[in-house]
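Model the full structure from these sequences, guided by the hints.
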Amino acid sequence: MAAPVPSWDTTRNTMQDAQAPAFQLGPAFEVMEPAKIVSVIAWVMFVFWALYTLIAAYHWVRYGQNSSVAIPAIITHIIISLSLALFAVSGFAP
Amino acid sequence: MEEFKLEPGEHVIRSVRKHWFVFFAQLLPFALLALLPLLIPGFLRGLAASAPAAEASFAALSLANEWARLLLGAWWLFLWMFAFNTFTQYYLNRWVITGTRIVYIYQYGFFSREVSSFLLVRVQDVTTETHGLFATLLGYGNLVVQTASENSQHFRMTGIPHPSELRDIIMKQVADLHDDGKANDSNHAVRDVINGIL
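Line by line, the protein sequences give chains A and B.
The numbering used here puts the first residue of the first sequence at 49, with every later residue one more than the last.
The numbering used here puts the first residue of the second sequence at 92, with every later residue one more than the last.
In short, the hints are calculated from the structure, not lab data.
Errors might be hidden in some of the hints.
Stated by the list, open to error - Here are some chain A residues pointing at chain B (derived, C-beta under 7 Å):
1. V92
2. M93
3. I103
4. F135
For each residue, glycine too, the CB sits at the ideal point set by N, CA and C.
What follows is the structure, encoded as C-alpha cells:
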C-alpha cells in the first residue's frame, strides 16, 4: 500500500500530514556561553567607539585647538561613553 | 591649525555659531530615542495585563535582566556618539567676520569641510530672515549674504542669534570700507592736482 500523500487543505491554507520541524538554534549557539557572547559584543562596540573617538578627537584638535572647549569636550565624551559601556556590561559582572 | 590666517592689520570683529536653541532642538530626537526603550516594557505590560502568561514573559524586560541592560547600554552609547557628533558639527561650523572679509566655515561631516572667504567690498546685499514662534521669541534666524562678482553667490547661515545685529555690523564694515576707498581716491586726486600745479 502506498504511503499517504500530503494534501493541501484549502480551507485552512495549510499542509496536512506534514509536520514542520520546531525552530532551534544551531549547535554553535548551544555551546556558546553568555560570557563569550558578551565579550564579542563588547569588543565590537569598543572597536566602533574607538574609531569614532579617534576621528572626532582629530577634528576637534585640528579645527578647534584654539578653543578652550576642545579638550573638555573630548574628555566628557570619553567619560560618558565609558560610563555607558560599564552600565551595558554591569549585569554580567562576576 | 586654523583654516585661515589674518592679514596684517586685520582683526576679528565677530565669530558666530548657531543659536543654542537650534542646537538643543537637534538633540531632541536623540533624547526621545534614548527614553523610548524605557517606555516600551511598561507599554507592553499594559497591553498584556489581561494575559498573565504574556505578562510574566514581559517582566524579563527590566533593568534587572543583564541582557536588557546590555542592549540598553549599547543603544545609549550609540545615541551618545550621534549626539556628540551633532555637538561637534555645531561647534565647528561658524562665520568669522573680520574688518575686510567674511570667512564661512561649514563642517558637513567628518572629513568633509568647506571654508569660503569673501571680501566685504564685494558684498552686495545682506538679508535676514526670521520665521516661526521660537525664532521670533528667542531672536534667531537666517542671514543671507549676496556677493557681487562675475558669478554672484549666496552665502546662507541658518539659525544664528541676532541676525539683524550681524547684518548691521556687516553693512557698517562695508560702508567703512567704501568710505576709506573714496577717501583714498580723493587723496589721489588732490595729489594729482598738486603734482600738476608743481
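How the hints compare with the structure:
1. Using the Cβ-Cβ criterion of 7 Å, the hint placing A:V92 at the interface with chain B is not satisfied: the shortest such distance is roughly 9 Å.
2. Interface hint at A:M93: satisfied, since its Cβ lies 6 Å from the closest Cβ of chain B, which is below the 7 Å cut-off.
3. Given the 7 Å rule on beta carbons, the hint for A:I103 holds: about 5 Å separates it from the nearest Cβ of chain B.
4. Interface restraint check: A:F135 against chain B, minimum CB-CB distance 5 Å, threshold 7 Å, status holds.
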